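K.L.:
Now for the letters of each chain:
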Amino acid sequence: MAQAESSAASNFETDFWKDAKLRKVWDEIVPGEARKTLPYKLTQEAIALYCRSVGETNPLYLDEAAAKAGPYGGLIAPPSIHILLMFACTPADDWMRSPGTVNAGQSWSYNIPARPGDTITLQARALDKFIKRERLFVVHDNVFFNQHGDVICSGRGQTIRPM
Amino acid sequence: MTTVNFDQLKAGDTIDGAAFAVSRESIRLFCDASLDYNPLHLDDDYMKNSFGKTNFGGIIMHGMNNFGLISRMLTDWAMPAGAIHRRLETRWLKPVKPGDTIRPAGTIKAKQVTSKSRWVLVDVAVQNQRDETVAAGEAMLEFPAKAS
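Protein chains in written order, with our numbering: chain A, 165 to 327; chain B, 288 to 435.
No wet-lab data here; the hints were simulated from the structure. Be aware that one or more of the hints could be misleading.
[Stated by the list, open to error] Partner residues are not named here, just some residues of chain B that face chain A (Cβ under 8 Å, in silico):
{"#": "1", "residue": "F338"}
{"#": "2", "residue": "F354"}
{"#": "3", "residue": "R378"}
{"#": "4", "residue": "W406"}
{"#": "5", "residue": "L408"}
[As the list claims (entries may be wrong)] To spell it out: a stretch of chain B is covered by chain A in this simulated footprint if at least three of its residues, at any positions, have a beta carbon under 8 Å from a beta carbon of chain A; those stretches are:
{"#": "6", "segment": "293 to 299"}
{"#": "7", "segment": "310 to 319"}
{"#": "8", "segment": "387 to 397"}
{"#": "9", "segment": "412 to 421"}
Treat the numbers as computed from the prediction; the structure is a model and nothing was measured. Ideal placement from N, C-alpha and C gives every residue a C-beta, glycine not left out.
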């Protein structure tokens with residue numbers, strides 16, 4: 165694939181301070197404006213690591229033979245894999261990575277499961293911003309798609325921006 | 288766990304999730320699994336600062352770790368019944384810190400039959416070892432109507 169595609173955590177910048185100055189602060193975030201996103205190839209290894217971090221043991225996510233005999237005819241990712249996809253599908257200068265960003269709550273709707281081997285794309289934007297009790301809020305909305313253009317899940321969240 | 292049946296479910300029925308022990312290691316593992324390396328979850332020195340009017344006093348667990356535990360509880364409950372986890376909304380009420388033990392739980396709020404399917408609405412919450420609610424929200428599960 166000609167387009168740069170992140171497929172592993174190995175090239176992921178884990179120091180969120182490094183590009184901090186490139187990221188938009190609350191004042192600069194324009195509701196309605198699309199965020200830059202990156203396609204991401206979801207691997208079985210990434211799914212297994214995510215499962216381990218939240219104690220998921222469902223064979224549909226982890227056991228290829230059992231998953232093949234199951235309702236999806238193969239391995240799938242748990243619905244909440246969008247937690248990983250949010251960071252996997254955004255570049256280092258995305259404002260979701262600003263140190264001190266506090267998650268205030270989220271809502272997600274699930275259509276079809278992501279699967280290992282899927283190339284996931286994200287359409288995302290800030291939808292709204294407001295000030296409440298001296299805190300700076302941004303509302304973001306997001307839709308994840310697979311390589312066939314099918315919606316995997318869609319979600320909305322609020323973060324409190326660092327000051 | 289007995290498999291749930293849409294017709295027998297009623298408001299007030301409960302769903303029990305597994306306890307989850309939060310540690311510096313579990314938080315670090317969640318960083319690696321989610322790629323969310325916000326210093327809120329990593330850097331004790333940074334966490335000596337105040338955030339607006341809030342001082343957490345040390346690193347905190349990712350709010351989305353709660354979300355993942357609730358989602359796991361719901362799918363473990365729904366999948367054996369052929370039901371599908373369709374929606375989850377949560378808000379974070381209190382920070383969770385290393386040393387805490389948290390546990391998600393759900394309570395059936397309502398059932399709804401629509402023109403093409405059947406739905407169960409669930410109130411969800413996560414509590415810590417002091418019985419404080421650290422996260423709360425609502426979920427929606429679909430019980431597809433049986434083909435007949």
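K.L.:
Work down the list of hints and note, for each, if the structure agrees.
P.N.:
Hint check:
1. F338: Holds, about 6 Å.
2. F354: holds (6 Å)
3. R378: This hint holds: B/R378 lies near chain A, its Cβ roughly 3 Å from the closest one there, short of 8 Å.
4. W406: Constraint on B/W406 not satisfied, violated at 13 Å.
5. L408: violated (13 Å)
6. 293 to 299: violated (count 0)
7. 310 to 319: holds (count 5)
8. 387 to 397: violated (count 0)
9. 412 to 421: As far as the segment 412 to 421 of chain B goes, the hint is violated, because 0 residues have Cβ atoms under 8 Å from chain A.
Taken one by one, the earlier hints fail for this structure at numbers 4, 5, 6, 8, 9, listed in ascending order.
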